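Asks: Using the sequences and the hints given, assemble the complete structure.
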Amino acid sequence: MEPPAASAARTDAETAEWVRVLAGAGPERDAALVRLHAMLVRIARAEVARRGPRLRISGPELDDLAYQAAADALLAITGKIGQFRGESRFTTWACKFVIFVVPSKCGRHFWRRPAVSLDAEDWDRLPGRFGFEPAAEAEWRDLLAALRRAVDTELTPRQRQVFVAIVLNEVPLDALVIELSSSRNAIYKMLFDARRKLRAALTTSGHLGHDLPRRT
Amino acid sequence: MSGWSALDRFLRTDPKDVGCAEAMRVLHIYADLVAAGEPAERRYPGLAAHLRSCGPCREDFDGLLAAIHGDGD
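From first to last, the protein sequence lines are chains A and B. So the first sequence is numbered by numbering that gives the first Met the number 0: it starts at 0 and just counts up by one. So the second sequence is numbered by numbering that gives the first Met the number 0: it starts at 0 and just counts up by one.
Bear in mind the hints are in silico, worked out from the structure with no lab data behind them. Values in this document were obtained by computation on a predicted structure and should not be read as measured data. Any given hint could turn out to be false.
Ranges between beta-carbon positions, derived for each pair [to be verified]:
1. Gly36(B) / Ser181(A): 35 to 41 angstroms
2. Glu21(B) / Ala75(A): 15 to 21 angstroms
3. Arg111(A) / Asp13(B): 32 to 38 angstroms
4. Pro14(B) / Arg34(A): 25 to 31 angstroms
5. Gly25(A) / Arg8(B): 51 to 57 angstroms
6. Gly36(B) / Arg157(A): 38 to 44 angstroms
Yeah, the Cβ is synthetic: ideal placement off N, Cα and C, and Gly gets one too.
Replies: Written as structure tokens, this is what we have:
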């Protein structure tokens, strides 16, 4: 294995070379774009393959998605090359773009499934979502009833909508972002606040302890 | 009981959690530090807290790390 110092020096030289060539023009830049695109396609393929089974995407659709993601990422990278600050290797910075595009593409794909609805509220799925055993229902029935009450009384309508979609209906967060024309950060923050409120309510009602959950 | 601990874990929030926007801004730096064996969590405790709670950002991080290990050319 290469010594870390040698590896770091080589990496810095590679990064500098990528930036120099991509900031330039002519055949050298064109060749670099071909190499970069090939790398992005490889990363995108690996990424959609990793996420695909959960989203029920397979076959040619996976490849289409990978090529779309690589093309979008390449466009973003060439447009933002001036913003690269050298805080990481260039290839890591570039890979980030394609890694971020893939979930958005997968999120759009999710809504092609006809069975998914934002309005459905199947509370019977809640025990299974957290792994509560049906045989022990007597032990957790009160806790989940209290949780449902807290969802109804403590959350804002928007927090409730996000909680129901993600927790009950298992809508991926990135798919919900698309459906609600929002951002990942905004949806996460809404769920974060909802989680905090629900835990506080369950702690106040005595269903959860301050440090450990306790059985009632 | 796995259900109790799973629910408790899900509802717990960490005030250090920086959220998705900040996590996405510095994820490439964090991933390079982790790949190099540097103390990434000590330098970015808020991002580390976020990655423990946010499935989508954690998935992005795992994908980026896999890309670093498998395709750095």
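Asks: All the hints need checking, so say for each whether the structure fits it.
Replies: How the hints compare with the structure:
1. Gly36(B) / Ser181(A): 35 to 41 angstroms: 37 angstroms Cβ-Cβ, so the 35 to 41 angstroms window holds.
2. Glu21(B) / Ala75(A): 15 to 21 angstroms: At roughly 19 angstroms between Cβ atoms, alanine 75(A) and glutamate 21(B) fall inside 15 to 21 angstroms, so the hint holds.
3. Arg111(A) / Asp13(B): 32 to 38 angstroms: Between arginine 111(A) and aspartate 13(B), where Cβ atoms are some 35 angstroms apart, the hint holds.
4. Pro14(B) / Arg34(A): 25 to 31 angstroms: About 44 angstroms separates the Cβ atoms of proline 14(B) and arginine 34(A), which means 25 to 31 angstroms is violated.
5. Gly25(A) / Arg8(B): 51 to 57 angstroms: holds (55 angstroms)
6. Gly36(B) / Arg157(A): 38 to 44 angstroms: At 42 angstroms between Cβs, range holds.
In summary, the structure is inconsistent with hint 4 from the numbered list given earlier, while agreeing with all the others.
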